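All chains should be modelled from the sequences, with the hints used to inform the complete structure.
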Amino acid sequence: MSYQLDTTVLKATRDGFGDEILALGKENPDIYVVDVDISKSCKTNVFAKELPQQHVNVGIAEQNAAGLAAGLATTGKIPFVATYAVFGSLRMGEQVRQSICYPKLNVKIACSHGGLTPGNDGGSHQAIEDMGVLRTFPGMNVIMPADYNATRKLTRAAAALNGPVYLRFTRDAMPAIYGPDEEFVIGQAKVLEEGDDIAIIANGDTVRLAIQARDALVADGYSVRLVDMHTIKPLDRDEVLRSVATGRIVTVEDHNILNGLGSAVSEVVAETGGALVRRVGVQDMFGQSATYDELMEMNGITVENIVTQARDLLNA
Amino acid sequence: MSTTTVAKATVEELNERARHLRSSAVQMIYEAKSGHPGGSLSAADLLAALYFSEMNYRPEEPTWPDRDRFVLSKGHVAPILYAALMESGTVDPDFVHTLRKLGSPFQGHPDSKKCPGVEISTGSLGQGISPAVGMALAGKRDGRSYRVFCLLGDGEMQEGQVWEALQSAHTYKLDNFVAIIDQNNLQIDGTTDEISPNLDFIKKLEAFGYDAHEVDGHDMQAILDVLDTIREADNDKPKGLVLQTTKGRGVSYMEDICSWHGQAPNEEQFNQAMTELEKGLDL
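These protein sequences, in sequence, are chains A and B.
For the first sequence, our numbering gives the first residue as 1, with consecutive numbering after it.
For the second sequence, our numbering gives the first residue as 1001, with consecutive numbering after it.
FYI, nobody ran anything at the bench for these hints, they're computed from the structure.
Predicted, not measured: the structure shown is a model, and the values here were computed from it.
Incorrect hints may appear among the rest.
[As the list claims (entries may be wrong)] Taking lysine-lysine and the BS3-like style, the derived pairs with C-alpha atoms no more than 27 Å apart in a straight line are:
#1 B:Lys1033 to B:Lys1114
#2 A:Lys49 to B:Lys1173
#3 B:Lys1113 to A:Lys104
#4 A:Lys49 to B:Lys1140
[Claimed, not checked] Between beta-carbon pairs, the in silico distance windows are:
#5 A:Gly59 to B:Trp1064: 28 to 34 Å
#6 A:Thr136 to B:Ser1196: 28 to 34 Å
#7 B:Ala1233 to A:Met285: 31 to 37 Å
Think of the CB as a built atom: it goes at the ideal place given N, C-alpha and C, for glycine as much as any other residue.
Written as structure tokens, this is what we have:
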């Protein structure tokens, strides 16, 4: 099966979270949302209105939000702390470590505005290191869905998993990749196309770029393996090994190339050998106010650069 | 119908309990060759009052949903909590020899994965109070009648998260939440006045919407009286309790000495401490 972009359906992953968390909350009174005064941006405002008994808004106090959620979890609740990725990873980072991961509590950190999507807000609001930080906390699961439907399914899967999960969503509307019936398993990559010459492994919003790069390479006659690695922890090591079998891997992410998807894949390849890896992602530099596309261009997170990196590997 | 399995005790009995807790904590720290005696001893009388008079819980069923909860936000004084858990029968007293040793439920700082009766892992200061507020909020939402007692150090009040948490307990009208400050006026690098003055905790708590009380943290009758007042208050306010205490209380050479924040006694010091705690200081 080969997956294509459906540009007639444009939806943001944060909306997928808002819709699914509402559905989950209606099904299960133990599902809670803990907000920090940005429920409109995080799309939890409808949950807040419809399920006030399962909703908490602590105000602008992220550290307290994480700890309070941990306390709720000790009583059997399943709290989702909703904030921006830059705050959900770093502002409450130690609380997530000490009060959630260390005691192994069933708390989900659900973050909008991951990566460079909050372009106009500037570098202060662009989380480029969040997934890397979170994946070094023992027991944490780290997920970034590629579209609206993937978000709904992975949010549901996160609620069903008994343990801490970091979910990263983005602000802007993106084309659809998956239908509403597509199934997702945390820790199990989606293979969007089988291929032998090279593998492209992407996650989040950049899967759409990887799909377009795949189209260009296939048009050149190459056989491309295309992978949506929606979970970077636990990493689907078996899928990385299948990608290694092509001998060439390009990773693509809207995250620092240090410590994110590209690093996670490279850690496996360094142990196994058998492939060269090129990492497309944020070039270890802070962003600035600009459009999302301009910032992606500055970092080379583009269809053209994915194709260039792939061709370099194919011609090596 | 729920029952209290820990019987109410007299002041005399509670003072005896407090002496046991102090001895047990000092012994653990001596055997471990590290730990935090000063703040363990300043909090001992409060823990005796909570665990053997005030709190409703079941030592044989530490996860009983309706139990009152105690959260030790000043997690470094774990030995006094472990002493109370052993004394109450929640945890096997043989663990007294295992503090800070591989595989022990008695980690250097409380670990809720390893030790029954520890409600949430703590040790990074300022952080225990937020889960305590979460527990109190869950109790309200679930219609349960339990209360949550959270013990903080006065130095710990320098952490910003404490004030975020205090504020949120007021927001949600958590009258089942009791924030207790162990004001012993010392921290690692010196007195709190030297490092960052406490100022007036009562005024601060009242400004945050709390029903605030102050008590001599080593006067058992006074502690019981103020806990009565707190229990009987019928208002929507969270409760604050400032304990005026002496760090190292009960061991003469530790009392009010900053360096006993985090060091273990040697053999001679240990023997002296045990003797003093056995007969009680002439205070």
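Notebook entry, point to check: Holds or violated: 31 to 37 Å for the Cβ distance of Ala1233 (chain B) and Met285 (chain A)?
Noted result: With Cβ atoms ~56 Å apart, the hint is violated.
Notebook entry, point to check: If you draw a straight line from the CA of Lys1113 (chain B) to the CA of Lys104 (chain A), is it 27 Å or shorter?
Noted result: 8 Å, holds
Next item on the list: Take a look at whether the Cβ-Cβ distance between Thr136 (chain A) and Ser1196 (chain B) falls inside 28 to 34 Å.
Entry: The hinted range 28 to 34 Å holds for Thr136 (chain A) and Ser1196 (chain B), with Cβ atoms some 32 Å apart.
Item checked: Consistency of beta-carbon spacing, Trp1064 (chain B) to Gly59 (chain A), with hint 28 to 34 Å -> 32 Å, holds
Notebook entry, point to check: Can the restraint linking Lys49 (chain A) and Lys1173 (chain B) be considered satisfied, given a maximum Cα separation of 27 Å?
Noted result: 20 Å, holds
Notebook entry, point to check: Given the hinted pair Lys1033 (chain B) and Lys1114 (chain B), is their alpha-carbon gap at most 27 Å?
Noted result: Within the cut-off at roughly 21 Å; holds.
Check: Regarding the pair Lys49 (chain A) and Lys1140 (chain B), is the alpha-carbon distance no greater than 27 Å?
Finding: 19 Å, holds
The structure shown violates just one earlier hint, number 7.
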